[in-house]
Amino acid sequence: MALLKTQNLTHTYSAGTPFERVAISGIDFSVEQGEYVGIIGATGSGKSTFIQHLNGLIKPTSGQVLFAGRDIHESKSYTRESRFKVGLVFQYPEYQLFEATVFEDIAFGPKNMKLPEDEVKERVLEAAGFAGLHGALLEKSPFELSGGEKRRAAIAGVIAMRPEVLILDEPTAGLDPRGREEIIRNIMNYKNAHNATIIMVTHDMEEIARSVDRIVLFHSGKVTLEGTPAQIFAENKLLGELGLSAPKVTLVAERLRELGLDIHRDVFTVEGLREELRRLRGEPAHA
Amino acid sequence: MLKDITLGQFFPGNTIVHRLDPRVKLLLTLVYITALFIAQGLLGYILMLAVLLTCLSLSKIGPKTVLRGLRPVIIIILLTVILNVFFIRGETVLFEWRFIVITREGLVTAGFMASRLIMLIIGTFLLTYTTSPIALTDGLEQMLNPLKKIKLPIHELAMMMSIALRFIPTLIEETDKIMSAQKARGIDFETGGLISRARAVVPLIIPLFISAFRRADELATAMESRCYHGGEGRTRMKTLKAAWQDYTALLLGAGIIAAVIILRNVSFGIL
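Residue numbers (this note's numbering), protein chains in the order written: chain A, 1 to 287; chain B, 288 to 558.
Careful: at least some of the hints might be erroneous.
[Said to hold, decoys possible] The calculated label-pair distances, taken between Cβ atoms and stated as ranges, are:
no.	chain 1	residue 1	chain 2	residue 2	range
1	B	Pro299	A	Arg265	47 to 55 Å
2	A	Thr43	B	Asp463	53 to 61 Å
3	B	Ile363	A	Thr228	58 to 66 Å
4	B	Arg513	A	Asp118	49 to 57 Å
Bear in mind the hints are in silico, worked out from the structure with no lab data behind them.
Where a beta carbon is used, it is the ideal one built from N, C-alpha and C, also for glycine.
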């Protein structure tokens, strides 16, 4: 049984006013425990609306969201329970920081879960560890941190609830390359430690090509394409039409193929292309 | 959701009401309010209702939107009705039980007061529904221009007002976002006692204030880097010009005032 599943999910904003707009329609989606799913799609394609349904923040106009087989709107208490089990990190989550210290801020979620104090502390320290925040940093005000640290503190605030499904909306947007690298590493740390499911919305194709098991492509409120990174990035033309693009490496590989090199189709990481070039030159595969 | 509050929201459109000069609309709204308070008796109210309904249908604002606009003030209206029904002591007693006395006069006054309030609110909403905030402050600035003579900083006030209006939707959106983010961390805004609810506001207010200050800072920098230095010597891209329909509307406004004054003296029995 799928851990988290949506059936025919549809949402219309401001129904019955001149501003009426169908944000998503008829979405069937499911994810298993431990899976890493990437969601891509142009701005306004309904990704953000979709993920806010997954932890019950938005009620569907029609259709269902099932967590562990039960409708998350079945009862108020189950909605609340699923909100802790499906952790959602919004875009620019650093704007939600408010406590006096980083420690207190990360503890906000677990405290709302009404956990005993020692467990709160344990979870905060664990989450801070995943996010690479240590020692004196935890006693600082969150507003004294650097941009990347703030972002990591905010993500730790959700991780501290130990969600079975962690959803992140463009967690690396606006960070420098090192900041991006760190965030991705933090997420993987958490995933590996708890066999958690990760759903990540991103525009960073290089990133998604490297880490996810499956990609779901949104276009004007619908799931247009779904598959492994190899399957998705093979649809180069379609991606272009939808205002997206395959990783740059894939484009380079394709150009090389056009120029007559016998390069395999599913190259979408720098490492992959390097291996292909080595193979063509008859060099042994690099370890 | 906060987004569903329509209080003072602009609905774009291209009807005659939308196209009227904002200065004329401001003036006519004042005329309308005055007329509403002058009006007395059934006929006067019927006239005002007809005026309101005509304007509403001309502006193509749907009844749903109008009713939604009334929602936030429903308690005030109810309170008015209750106070009038129970505290106005007239001659014709309809119902009496201990200290509760309901008279026919009380009911009638309550009805008039409630309809006056409702028409007042819908009428003023019509102004903001059909006039963009920018046009509104532009109109206001030009109407108040003569006050510059007595050294009132009219341009600065108008600029502050348009910035404030401009940022209302942004702040509402921001509030929604932060609320959602904190809800995702398990905060509960809907249930619990007064104290726990008040405490739930802290994680909302602090981030909101911080972002409002940051925004204000950024906006000031952006304005200064485009050489903004106040209203002196500033010309405008769109100069307001009253056209024939504006003058017609003003004439009609004057006509309505005259009509309600005349109708004051016509009455049917107690109504």
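Please test the hint of 49 to 57 Å on the beta carbon pair from Arg513(B) and Asp118(A). Since the Cβ atoms of Arg513(B) and Asp118(A) sit about 56 Å apart, the hinted range of 49 to 57 Å holds.
Does 53 to 61 Å hold as the CB distance between Thr43(A) and Asp463(B), or does it fail? The hinted range 53 to 61 Å is violated for Thr43(A) and Asp463(B), with Cβ atoms some 18 Å apart.
Verdict for Ile363(B), Thr228(A) (Cβ pair) under range 58 to 66 Å: Holds - the Cβ-Cβ distance for Ile363(B) and Thr228(A), about 60 Å, lies within 58 to 66 Å.
Between Pro299(B) and Arg265(A), does the beta-carbon spacing fit 47 to 55 Å? With a Cβ separation near 48 Å, Pro299(B) and Arg265(A) satisfy 47 to 55 Å, so the hint holds.
Comparing the model with each earlier hint shows a violation of hint 2 alone; every other hint is respected.
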